[in-house]
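On the provided structure of chain A, position chain B with the ligands as indicated by the hints.
Protein sequence lines, in the order shown, are assigned to chains A and B. Counting from 28, one number per residue, gives the positions in the first sequence under the numbering used here. Counting from 546, one number per residue, gives the positions in the second sequence under the numbering used here.
What the hints contain is simulated information worked out from the structure, not anything from laboratory work. Fair warning: this is a prediction, and the values are worked out from it, not measured in the lab. There's no promise every hint is true.
Said to hold, decoys possible - Result set (BS3-like, lysine-lysine): computed pairs, CA atoms no more than 25 Å apart in a straight line:
1) B:628 <-> A:55
2) A:34 <-> B:633
3) B:588 <-> A:89
4) B:588 <-> B:633
5) B:633 <-> A:89
6) B:633 <-> A:68
7) A:55 <-> B:588
8) A:68 <-> A:144
9) A:89 <-> A:157
10) A:68 <-> A:98
11) A:144 <-> A:89
12) B:588 <-> A:98
13) A:34 <-> A:68
14) B:628 <-> A:143
15) A:55 <-> B:633
16) B:628 <-> A:68
17) A:143 <-> A:34
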Amino acid sequence: MNSLFRKEYEIPANDFSVAGEASSSVRKLLNQLGVDPPIVKRTSIAMYEAEINAVIHGNGGKALVQFFEDKVTILISDEGPGIEDIELAMQEGYSTAPDRIREMGFGAGMGLSNIKKNADEFVLESEPGKGTRVHITMYLL
Amino acid sequence: MTVLEFSQQNGYTIISCAETAVDREISGVYICDLLSMAMVGVKDGNLWITVHTNINIIAVASLTNASCIVIPEDIPVESQTVKKAEEKGIILVQSPHTSYEISVRYYVQSGGDPS
Ligand SMILES: Nc1ncnc2c1ncn2[C@@H]1O[C@H](COP(=O)(O)OP(=O)(O)OP(=O)(O)O)[C@@H](O)[C@H]1O
Ligand SMILES: [Mg+2]
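Next up, chain A with everything else stripped away, as it sits in the complex (with noise of 0.2 Å):
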């Protein structure tokens, strides 16, 4: 099916006076769209999280977000150093985040676990060397 509109996002590498807009701005787009606030919540923190990551860990990249009538589907991407050992980094409390983004309120190790519990759907595609890819799905009916 086709999705009935996109939007794609540039997100800086540690640039904290934006990070966080792409999500800010899908949130107000759902908003908009009279979808349930309680899913509102739940893409928002999912799409924060994913967002944050890659302005921390991956270089920053880029989010594509489609809406469908049923569905959202946000693919963030990047092509920073990867992930190593995904199983690891799933784990509450794992985190390489280093000092002066820990001093900033980051580095609780709980982004990507959270990501997992408030979207539908969550797959994290991850290759050393090469990027990193988070797909989000959340259904809006």
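Just chain B with the ligands, lined up with the frame of chain A:
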């Protein structure tokens, strides 16, 4: 209780979006300085207390539908954070009190509803 009532009763300073505080209802308190934990823990309408004053707290408060952010112990707030808060409609409140004292005051003044 609204953000305005709570701030006025306790002499706290509202440093962004003050004009919206009059009808922003507070429902409960959440205290946490780990942002991705706050992402889970801040429920709609919560007053969120954090010692962080960097720009990222605005996205967290916005995406979680917090009623406001309260910065304890008179920690100065970066000007770019205040600017972002204005942009996103987030109310920032500065308090001289500790996180503990702020939440106890809310508990007592809101009639002891621990939710
Ligand atoms: N896009 C990415 N590119 C490279 N590594 C990543 C990426 N996303 C996550 N990781 C790795 O997985 C780890 C766990 O990610 P997760 O989001 O769960 O925690 P965190 O970002 O370290 O901290 P938090 O999200 O709680 O602030 C990261 O520390 C990092 O090592
Ligand atoms: Mg993360």
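Tested hints:
1. Restraint check for residue 628 (chain B) and residue 55 (chain A): satisfied, since their Cα atoms lie roughly 19 Å apart, inside the 25 Å limit.
2. Simply put, residue 34 (chain A) and residue 633 (chain B) have alpha-carbon atoms about 20 Å apart, close enough for the 25 Å limit, and the pair holds.
3. Pair hint residue 588 (chain B) plus residue 89 (chain A) does not hold up; C-alpha atoms about 29 Å apart against a cutoff of 25 Å.
4. Our distance criterion of 25 Å between C-alpha atoms is met by residue 588 (chain B) and residue 633 (chain B), whose separation comes to about 18 Å.
5. Taken as a hint, the residue 633 (chain B) and residue 89 (chain A) pair is honoured in the structure, with Cα atoms around 22 Å apart against an allowance of 25 Å.
6. For a cut-off of 25 Å, the pair hint linking residue 633 (chain B) to residue 68 (chain A) stands: about 16 Å separates their Cα positions.
7. Restraint check for residue 55 (chain A) and residue 588 (chain B): satisfied, since their Cα atoms lie roughly 18 Å apart, inside the 25 Å limit.
8. For the hint linking residue 68 (chain A) to residue 144 (chain A), the alpha-carbon distance of about 12 Å falls within 25 Å, and the restraint holds.
9. Distance restraint check for residue 89 (chain A) and residue 157 (chain A): the Cα-Cα separation of roughly 14 Å lies within the 25 Å cut-off, and the hinted pair is therefore satisfied.
10. For the proposed pair residue 68 (chain A) and residue 98 (chain A), the alpha carbon gap of about 14 Å is at most 25 Å, so the pair holds.
11. Using a Cα cut-off of 25 Å, the hinted pair residue 144 (chain A) and residue 89 (chain A) holds, with the two alpha carbons roughly 22 Å apart.
12. Using a Cα cut-off of 25 Å, the hinted pair residue 588 (chain B) and residue 98 (chain A) holds, with the two alpha carbons roughly 24 Å apart.
13. Proposed proximity of residue 34 (chain A) and residue 68 (chain A) is supported: the alpha carbons are some 19 Å apart, at most 25 Å.
14. At most 25 Å may separate the alpha-carbon atoms for a hinted pair to count; residue 628 (chain B) and residue 143 (chain A) exceed this at roughly 32 Å.
15. About 11 Å separates the Cα atoms of residue 55 (chain A) and residue 633 (chain B), which keeps this hinted pair within 25 Å; it holds.
16. A C-alpha spacing of about 23 Å is found between residue 628 (chain B) and residue 68 (chain A), which places the hinted pair at or below 25 Å, so the restraint holds.
17. Between the alpha carbons of residue 143 (chain A) and residue 34 (chain A) the distance comes to roughly 23 Å, so the proposed pair stays at or under 25 Å and holds.
Consistency with the previously given hints fails for numbers 3 and 14, ordered from lowest to highest.
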